[in-house]
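> Below are the chains, spelled out letter by letter.
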Amino acid sequence: MVKRYFVWAILVLFTGGLLLTGCGGQQATPQTETEWPQGPVELVVPWAAGGGSDRMARMINDIIQKNNLMTEPMMILNKPGGEGQIGEAYLLNKPGDPHAFCTVASGQISIPLSGQGDIKVTQFTPVAQVAADVELLVVRNDSPYETMADLVAAAQAAEMPLKSGGTATASEDHICNALLCRAAGIELNYIPFSGGGEVMTNLLGGHIDVAWANPSECMSQLEGGLARALAVSTTERLELKPDLPTFQELGYDFTFYQLRGIVGSPDMPAQAVQGMIEVLRQVVETEQWQKDYIEANMLVPIFLAGDDFTAAVIQQEQEFAEALAMMGLYKE
Amino acid sequence: MMETFGNLLMGFSIALSPVNLLFAALGVVLGTIIGALPGIGSVTGVAVLLPITFGMDPTAAIIMLCGIYYGAMYGGTISSVLINTPGDAATVMTTIDGHQMARQGRAGPAFAVSATGSFVAGTFGVLMLTLAGPALAKWGLQFGPPEFFALMVLAILSLAGLAGSSPVKGIIMGALGLMLSTVGLDIVHGTLRFTYGSVQMMNGIDFLPVAIGMFGMGEVLVQMEKMERFDLLETKFRLRDLLPTAQDWVRSRWAIVRGTLIGFVIGVLPGAGATIASFLAYATEKRCSRHPEEFGRGAIEGVAGPESANNAASAGALVPMMTLGIPGSGTTAVLLGAFMMYGLQPGPLLFKNHPDFAWALIASMYIGNIMLVVLNTAFIPTFVSVLRMPQTIMMPGILVLTVVGAYSLSNSMADVWIMIIFGVIGYLVKVYGYPLAPLIIGLVLGPLTEVNLARSLMMSQGSFAIFMERPLSMVLLLASLVAIIIPLARQLMGRQRSHSGVSA
Numbered sequence: 001m002v003k004r005y006f007v008w009a010i011l012v013l014f015t016g017g018l019l020l021t022g023c024g025g026q027q028a029t030p031q032t033e034t035e036w037p038q039g040p041v042e043l044v045v046p047w048a049a050g051g052g053s054d055r056m057a058r059m060i061n062d063i064i065q066k067n068n069l070m071t072e073p074m075m076i077l078n079k080p081g082g083e084g085q086i087g088e089a090y091l092l093n094k095p096g097d098p099h100a101f102c103t104v105a106s107g108q109i110s111i112p113l114s115g116q117g118d119i120k121v122t123q124f125t126p127v128a129q130v131a132a133d134v135e136l137l138v139v140r141n142d143s144p145y146e147t148m149a150d151l152v153a154a155a156q157a158a159e160m161p162l163k164s165g166g167t168a169t170a171s172e173d174h175i176c177n178a179l180l181c182r183a184a185g186i187e188l189n190y191i192p193f194s195g196g197g198e199v200m201t202n203l204l205g206g207h208i209d210v211a212w213a214n215p216s217e218c219m220s221q222l223e224g225g226l227a228r229a230l231a232v233s234t235t236e237r238l239e240l241k242p243d244l245p246t247f248q249e250l251g252y253d254f255t256f257y258q259l260r261g262i263v264g265s266p267d268m269p270a271q272a273v274q275g276m277i278e279v280l281r282q283v284v285e286t287e288q289w290q291k292d293y294i295e296a297n298m299l300v301p302i303f304l305a306g307d308d309f310t311a312a313v314i315q316q317e318q319e320f321a322e323a324l325a326m327m328g329l330y331k332e
Numbered sequence: 001m002m003e004t005f006g007n008l009l010m011g012f013s014i015a016l017s018p019v020n021l022l023f024a025a026l027g028v029v030l031g032t033i034i035g036a037l038p039g040i041g042s043v044t045g046v047a048v049l050l051p052i053t054f055g056m057d058p059t060a061a062i063i064m065l066c067g068i069y070y071g072a073m074y075g076g077t078i079s080s081v082l083i084n085t086p087g088d089a090a091t092v093m094t095t096i097d098g099h100q101m102a103r104q105g106r107a108g109p110a111f112a113v114s115a116t117g118s119f120v121a122g123t124f125g126v127l128m129l130t131l132a133g134p135a136l137a138k139w140g141l142q143f144g145p146p147e148f149f150a151l152m153v154l155a156i157l158s159l160a161g162l163a164g165s166s167p168v169k170g171i172i173m174g175a176l177g178l179m180l181s182t183v184g185l186d187i188v189h190g191t192l193r194f195t196y197g198s199v200q201m202m203n204g205i206d207f208l209p210v211a212i213g214m215f216g217m218g219e220v221l222v223q224m225e226k227m228e229r230f231d232l233l234e235t236k237f238r239l240r241d242l243l244p245t246a247q248d249w250v251r252s253r254w255a256i257v258r259g260t261l262i263g264f265v266i267g268v269l270p271g272a273g274a275t276i277a278s279f280l281a282y283a284t285e286k287r288c289s290r291h292p293e294e295f296g297r298g299a300i301e302g303v304a305g306p307e308s309a310n311n312a313a314s315a316g317a318l319v320p321m322m323t324l325g326i327p328g329s330g331t332t333a334v335l336l337g338a339f340m341m342y343g344l345q346p347g348p349l350l351f352k353n354h355p356d357f358a359w360a361l362i363a364s365m366y367i368g369n370i371m372l373v374v375l376n377t378a379f380i381p382t383f384v385s386v387l388r389m390p391q392t393i394m395m396p397g398i399l400v401l402t403v404v405g406a407y408s409l410s411n412s413m414a415d416v417w418i419m420i421i422f423g424v425i426g427y428l429v430k431v432y433g434y435p436l437a438p439l440i441i442g443l444v445l446g447p448l449t450e451v452n453l454a455r456s457l458m459m460s461q462g463s464f465a466i467f468m469e470r471p472l473s474m475v476l477l478l479a480s481l482v483a484i485i486i487p488l489a490r491q492l493m494g495r496q497r498s499h500s501g502v503s504a
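Protein sequences, first through last, are from chains A and B.
Counting in the numbering used here, the first sequence runs from 1 upward without gaps.
Counting in the numbering used here, the second sequence runs from 1 upward without gaps.
The hints are simulated quantities; they were obtained by calculation from the structure and are not laboratory data.
One or more of the hints may lead you astray.
[As the list claims (entries may be wrong)] Here are the simulated DSS-like pairs of lysine-lysine, each with C-alpha atoms no more than 27 Å apart in a straight line:
id: 1; chain 1: A; residue 1: K291; chain 2: A; residue 2: K66
id: 2; chain 1: B; residue 1: K430; chain 2: B; residue 2: K226
id: 3; chain 1: B; residue 1: K226; chain 2: B; residue 2: K169
id: 4; chain 1: A; residue 1: K291; chain 2: B; residue 2: K226
id: 5; chain 1: A; residue 1: K291; chain 2: A; residue 2: K241
id: 6; chain 1: A; residue 1: K241; chain 2: B; residue 2: K352
Note that the structure is a prediction, hence the values are computed from the model and not measured.
Extracted from the complex, chain B is given alone in its bound form:
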């Protein structure tokens, strides 16, 4: 314990040097911008900026690259809330309630709560990395294909409750998402499905262009229809409206705590990542909330939970990378490459061979999170003022951003076409009152569920008993059973009560 503290102090003494402070600041600012731009996420951001750091001092370079990584998690909120277009894969859930808050003139509180939640989550994640990194990483290793399959089943079943007003419409959209997720190359068997000879379709339908299209472009189309005269979005801009009310804080307090815990645990698991963490946090908040009917209409918990979760998860993903040398997410894989380019071998030896570097990096993350919360709070009035822009300028601007964002995902026009097609679908879906989120969720969770089921059955040579023989997967599957039984039982009991009420 004392040793850890001493090491951390040494880390701070290095991280607080002017050069390292400068690069930490540069990293978090770039990260915020990269996160805010739709499409360009932290993976692309870090990969593109990596070569620029060649020849720099390794510590400063990695501090900057990590700053971009967790900075992007803060920045993703900005475009989700302001223009209804997820800035990063992990902020799709924030879009649902965040943008509704902005439409009600409450973008300020959404940003403030999200910045606070991100700070709490990010700092908690780094704290856990400092105190218990290796033990946590070993725990995460227990998750093999059967455990992941069980976790996905639990996620799908708890997210089924997100369907909104009509369960049937929700199930239709969820099933559509699962079906779309089967397109492309099946990596388990190496066969092509529904590609119709097109090379572009081998990739399958990535969920990010779909999300950008359905949320961003779909919203633009819906708004254009309503636009009869050239008017401003009716939002209030008094200073008081920029700050969350006492009630906002009370409502988001526990959402931040729950989001942080869920996010960190999911983040430590290799291969799950911030996107799934944000899904689970949103589902949890809807279940725990006293006002579940407000979700989708601007519930502040719906912003606080997922935003805390994605930051905690991004810190959590650094645990297996730094202690075992295994990347837990796309961005940590790129960061791992960056470490190796500088001759720093992440893993068990990192803390032994390069303690000054490792602890400076950890210390810089505490500092970076403080910088980010200041940055993201101080600029709230600036972010919100984007909403002052007349719709006639803003809507075409959003369209441009969605197209550029979709293209930048993998420099491919195919993603732009997918985005546009789903933009039109998003418009129709909104007009007819179907929920958007289940389709996105199906698209993300479908492949992970399928691939882990296939791997589990390959491991057991076809026996389903593997899911019950392993304690973790059994617990998760039992939890999913509970997740369906409780709402059903509640409904049944509610019906009986109303029946007896009628007969009495």
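Isolated chain A (complex conformation):
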């Protein structure tokens, strides 16, 4: 009896070992100057499943599959945590790998600037920006503030500063909050929350006066008549919300965009970068992308590849550094 169990145990270990080594063998793809890709393409999402970056990655993958845009499968790997730094550290350890990519959102640019981690987006090979997200300033439907002017007047008159809410400290929401305060000459008491859902809950519950949110974070409440947007951070009004003024046209001189894109492993071969750019270019031209991603999330369509994308990242990094320095949160 006893011996039989041993035999079984050894068999299980043996097959398990085979499976493991089998998997290991596949990763060692030979690098030749032929067609890209040579093996499965890995797209790291350094945020949790279900979030904005995850939805973008899964949408890209779905479009690639439906339209046969790539000869090899794409695998999406969620490596959440550390404000994006953990997934980035994983990609940093794969220099030159032609099949390893990672999604980028603006938060990953601002985080290292405030001393919350060392890995910068500029350490990777830029591939492309595929969309831009914007910031809305939102109030409850029954709020006394009908316009931005009401809000600014109330903020100036208030004894205790009005409370604004957004996601995390030194985040895009926080930076945008500081930019408005400077432009309007007001003070807002910024309360950091753990996610977009929590921000909206606290706004609807009356625990904060105004909230910063991406359109995708507050659309249900705006359309359902629970909340109203006062202004948007773009240069021109949103196509889908033609009645919503921009901060700039109201005389608060600032604009704010969050970029969404993809970077490759450090020192990625040029051929792989080009290959991925071509795939993404085809993705953003599909109707599904325009309708189910850009319009559904009220994003601004934009496509910047290669050097243009690098320039956009560097420019955003500078703007963020400046804003964070003004807020006293910039750390070298």
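With chain A fixed as given, assemble chain B onto it according to the hints.
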């Protein structure tokens, strides 16, 4: 009222179509399996299976995804009871008494009571969603940072009673949990604490790998020491032992009711969730029980309460999601994403613009809960037969599951190392008779307490008066005061009585 009933009937007519029934069944079966596998919880399960549903009929797809969500709450019990490894974050409390029951040959009753409690709780939750969704969601919104802080204080103080035989050992473990919870990125101030330059440590120490290590791996190490010969776990497998006795039902009856109510209320609050609901239900049961000494040694109320609570909470979390469009938990956030991918905007307009979809989904949850209770009762003999496996096969198997489970949390080896380190700590802690639960509780409640205290003080610009100015937080804080005074007063009075007894 009549309108609601009519809508629900329409919902049933859609949900009972063969295709939707098939996907509801598929969802709940997948959910049970995903829940039973340690580590992979409903968040990962729904997120990973979401892309597979692309191109499906939206109603069928969302019915399936929701099935996975509440199905996982049933399934989590299986690994907690059988192998002492929580299958899901919300089943950590079930592990404590559930596995002890299994060791005493009473895994069958544990499953039966848990399936029944889950069914009662799940159905109650859906019923409340049907009847009073919007009103409940509005009530939940009253909970801001000060109220959450007060609720956490109440939770910590009522859970302090869980310490077990030695209060000192319990406090040591609880304090250790709170201290460990400070590791990582502090989101309020954006500073790094105790990370020592390591990117992996920015995440802090997540409680799930700790729980999997301390309960699952720790137990394996303890058992290995005892394993002198290759023997079977001494369990009886007569059919009679698979069913709960009349006394089991009497004892768990009110535990199910209390667990359901606590779970649902906590679930409706945005951001609290099933894990905290199960903690509070366990603490309540220990306080209400006539046999508090049996807790930790296989008390059936300790399974019935938390299991009902986590199911009621998962249904409760759907209330703010469907009526306000706000996710109340990690999984509902993913579900919200799924709704949006199908162009369905959850929130006030969902019932107006897509009533057929909304009511079909609600109807499918009644059906899914019936499927789950049948499934989880019918397969009890199969689940229990896992215990027939010889220890020499079972223990290495559990080790493999704990490692895979820890890795699957966020595809990271760091979680595996945390799991292994806490596995060894769990072994030492068990050998020296320290309780495990307070450490886990400290780890979960610590960050929530801290972050909500910080936010409250930011809101009031540093004034502690904010906690007393708001009625809800004041009531909760007064309740926590009572929670410490009563046991202390009882102890004092007991001492006086024994003193006078001695002198007389």
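> Compare the structure with each hint and give your call.
Now the hints, each set against the structure:
no., hint, in the structure
1, K291/A / K66/A, "holds, 15 Å"
2, K430/B / K226/B, "holds, 13 Å"
3, K226/B / K169/B, "holds, 24 Å"
4, K291/A / K226/B, "violated, 62 Å"
5, K291/A / K241/A, "holds, 16 Å"
6, K241/A / K352/B, "holds, 22 Å"
Checked against the numbered hints listed earlier, the structure breaks hint 4 alone; every other hint is satisfied.
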